[in-house]
Amino acid sequence: MTKKLDPMDLKQIISLHIDKYSNRAISNTLGISRNTINNYVQLFISCDKDMHELLELDESGLAELFSSKTTINNTRYDGLMKYLESVKQARNHPGFTFLYHYLEYKSSVDNPYGYTQFMEHYNRKYTKLKGSMKLEHKPGNEMMIDFAGKHLHITNKETGELIAVEVFVAILPCSQYTYVEACMSQKREDLISCIANSLTFYGGVPRAIVSDNLKSAVSRSSKYEPQINKSLKDFALHYNCAVNPTRAYSPQDKALVENAVNLAYQRIYYPMRNMTFFTLTELNNQIKKLLESYNDVLFQRKESSRKELFQSFERSELKALPQTSYQIKDYRRAKVQKIGYVYFSPDKNYYSAPYRFIGKQTQLHFTKTIVEVYYNSTRIAIHNRIIGKGIYVTIKEHLCSTHQAYKDWSPEYFKSLAKKHGQFVELFIDGIIDQSKYPEIAYKRAMGVIQLHRAYGSVRLNNACQRAILGEAFKYQYVKNILKNNLDKEQICFEDFTQTSTHIPKHDNIRGSNTYN
1 MTKKLDPMDL KQIISLHIDK YSNRAISNTL GISRNTINNY VQLFISCDKD MHELLELDES
61 GLAELFSSKT TINNTRYDGL MKYLESVKQA RNHPGFTFLY HYLEYKSSVD NPYGYTQFME
121 HYNRKYTKLK GSMKLEHKPG NEMMIDFAGK HLHITNKETG ELIAVEVFVA ILPCSQYTYV
181 EACMSQKRED LISCIANSLT FYGGVPRAIV SDNLKSAVSR SSKYEPQINK SLKDFALHYN
241 CAVNPTRAYS PQDKALVENA VNLAYQRIYY PMRNMTFFTL TELNNQIKKL LESYNDVLFQ
301 RKESSRKELF QSFERSELKA LPQTSYQIKD YRRAKVQKIG YVYFSPDKNY YSAPYRFIGK
361 QTQLHFTKTI VEVYYNSTRI AIHNRIIGKG IYVTIKEHLC STHQAYKDWS PEYFKSLAKK
421 HGQFVELFID GIIDQSKYPE IAYKRAMGVI QLHRAYGSVR LNNACQRAIL GEAFKYQYVK
481 NILKNNLDKE QICFEDFTQT STHIPKHDNI RGSNTYN
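All residue numbers in the sequence shown are consecutive under the numbering used here, ending with 517.
Honestly, the hints are just simulated from the structure, not real lab data.
The reader is advised that the hints may include incorrect statements.
Straight-line C-alpha distance at most 30 Å; calculated DSS-like pairs for lysine-lysine [said to hold, decoys possible]:
hint: 1; residue 1: K49; residue 2: K125
hint: 2; residue 1: K288; residue 2: K233
hint: 3; residue 1: K187; residue 2: K157
hint: 4; residue 1: K138; residue 2: K319
hint: 5; residue 1: K82; residue 2: K106
hint: 6; residue 1: K335; residue 2: K106
hint: 7; residue 1: K348; residue 2: K230
hint: 8; residue 1: K415; residue 2: K335
hint: 9; residue 1: K106; residue 2: K125
Pair by pair, the computed Cβ-Cβ distance ranges are [stated by the list, open to error]:
hint: 10; residue 1: S325; residue 2: N485; range: 48 to 58 Å
hint: 11; residue 1: R207; residue 2: H151; range: 51 to 61 Å
hint: 12; residue 1: P346; residue 2: M275; range: 33 to 43 Å
hint: 13; residue 1: E158; residue 2: K125; range: 51 to 61 Å
Even for Gly, the Cβ is constructed at its ideal location relative to N, Cα and C.
Please construct the entire structure, taking both the sequences and the accompanying hints into account.
Given below as structure tokens:
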């Protein structure tokens with residue numbers, strides 16, 4: 001049985017409990033058995049009065065209230081316990097709330113418990129212990145990242161439309177130093193850009209980045225062995241760190257960043273609730289101001305701010321940032337063609353590769369500024385990216401016209417092929433080769449022109465080449481258009497090619513070429 005205590009002892013227990021002493025600490029302080037303290041604290045909690053009200057009672061009132069080891073009204077308590085059993089059964093039903101059941105309980109009994117006691121008794125009756133481990137976070141070891149579940153908005157100036165934007169949150173778990181940024185989407189490009197910006201904000205790189213199982217980060221989700229997408233792996237390699245996704249459906253693995261998101265709602269979202277932003281830059285500038293004050297707020301128990309903790313012992317543990325900024329890479333597959341080029345489909349251009357790889361399947365890695373050619377994970381060529389269609393980007397050392405692969409491909413070879421279809425075809429092919437800086441490029445165009453005889457015949461091809469030569473247009477597409485539009489069948493008017501005056505009549509609104517000099 002629980003030892004009966006003097007009302008003065010009860011007041012001391014209540015006072016220490018209010019001051020957040022543990023039951024063990026109260027037992028040591030007052031020299032009373034811990035079991036006795038535990039039992040009395042449970043009695044205080046189950047009482048209808050809260051702790052402050054109990055402390056204000058005089059000794060006689062307190063003695064009367066706790067005259068025996070229990071103050072529970074058995075009939076009233078039994079009715080509550082029976083009702084809680086039905087609450088437990090309904091717990092997993094969609095839309096379940098404790099408040100709904102409490103109001104139902106309150107309306108069905110004469111002397112109901114208060115809502116606080118209702119919840120206290122439920123939690124005590126159905127205590128759910130779940131294995132959990134308190135994680136000790138080493139300085140500079142991890143950076144946790146996540147996207148907030150709720151959006152911020154920017155406003156379209158012209159239409160007034162609200163455009164939802166995502167909010168990226170990063171935190172260093174040891175100091176809890178936090179970074180927040182708004183971006184347009186959760187796509188791979190925006191995710192990597194936000195991570196890079198957060199590392200710049202911290203001025204260093206942790207050993208690992210702990211992410212959620214985002215589609216933009218993880219190509220195949222798994223509880224034990226998720227697959228990181230290639231771009232994020234390349235990013236981590238550039239920054240000399242690792243990417244460690246959390247287990248699927250395990251938010252406790254990154255509980256601190258989940259909490260940081262909730263704090264962002266309070267410290268950043270709420271102060272901006274009545275503000276209007278027209279651009280993402282304006283929004284992020286305001287976030288930056290609020291974030292600075294948020295990181296300067298003192299922890300209640302540590303007597304220091306997130307920023308102070310970061311500056312004191314975590315910043316020095318971060319690895320240095322790389323000297324160059326990261327550019328996100330994309331990937332394509334391409335075969336090295338017979339003329340020694342790979343076709344780059346995004347820009348419809350051609351980039352040279354060493355001739356010994358002709359016929360090999362390669363992988364193209366490209367950013368906004370460069371195109372790299374890889375064969376079996378080894379880089380065999382790198383080029384500056386050129387924007388424009390049909391351009392051949394060449395490194396002269398890659399080409400070798402005398403190599404075995406080109407034993408038949410030569411100016412003489414193509415002239416001999418062209419001669420079979422007429423003198424003008426031969427002259428046209430000669431012009432293509434003479435105007436080309438690299439013969440290998442001209443060979444492909446020449447072959448294309450000669451192959452047109454299959455669809456249109458040698459006579460028409462010869463006439464088309466004659467018209468093209470008169471126009472000094474030594475291009476495959478020009479000859480093809482002549483044949484396609486049947487212009488080769490029309491009689492050639494030589495005056496059309498010698499006329500120097502314009503056919504456009506003079507007019508005040510028409511500007512001449514001098515305007516653009």
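**Request:** Would you mind confirming whether the straight-line C-alpha gap from K106 to K125 stays at or under 30 Å?
**Result:** Given pair K106, K125 holds - Cα atoms ~19 Å apart, limit 30 Å.
**Asked** Does the structure keep K415 and K335 at a Cα separation of 30 Å or less?
**Response** holds, 28 Å
**Prompt:** Has the given pair, K348 with K230, been kept, meaning a C-alpha gap of at most 30 Å?
**Reply:** Satisfied, since the Cα-Cα distance of roughly 24 Å is no more than 30 Å.
**Restraint status (C-alpha distance of K288 to K233 at most 30 Å)** = Holds - the C-alpha atoms of K233 and K288 are around 28 Å apart, at most 30 Å.
**Prompt:** Do the Cβ positions of P346 and M275 conform to the proposed distance bound of 33 to 43 Å?
**Reply:** holds, 39 Å
**Agreement of K49 and K125 with the hint, judged by alpha carbon distance not exceeding 30 Å** = With a Cα-Cα distance of about 20 Å, the restraint between K49 and K125 holds, given a limit of 30 Å.
**Prompt:** When you check the alpha-carbon spacing of K82 and K106, does it fall within 30 Å?
**Reply:** Satisfied, since the Cα-Cα distance of roughly 14 Å is no more than 30 Å.
**Asked** Is 48 to 58 Å right for how far apart the beta carbons of S325 and N485 are?
**Response** holds, 50 Å
**Prompt:** Is the Cα-Cα distance between K138 and K319 30 Å or less?
**Reply:** holds, 14 Å
**Prompt:** Does K106 lie within 30 Å of K335 when you go C-alpha to C-alpha?
**Reply:** Status violated; Cα separation ~76 Å.
**Message:** Holds or violated: the 51 to 61 Å window for the beta-carbon distance between E158 and K125?
**Reply:** holds, 59 Å
**Message:** Against the range 51 to 61 Å, how does the distance between the Cβ atoms of R207 and H151 compare: consistent or not?
**Reply:** Roughly 32 Å apart at Cβ, these two residues miss the hinted range, so it is violated.
Of the hints listed earlier, those the structure fails to meet are numbers 6, 11, in rising order.
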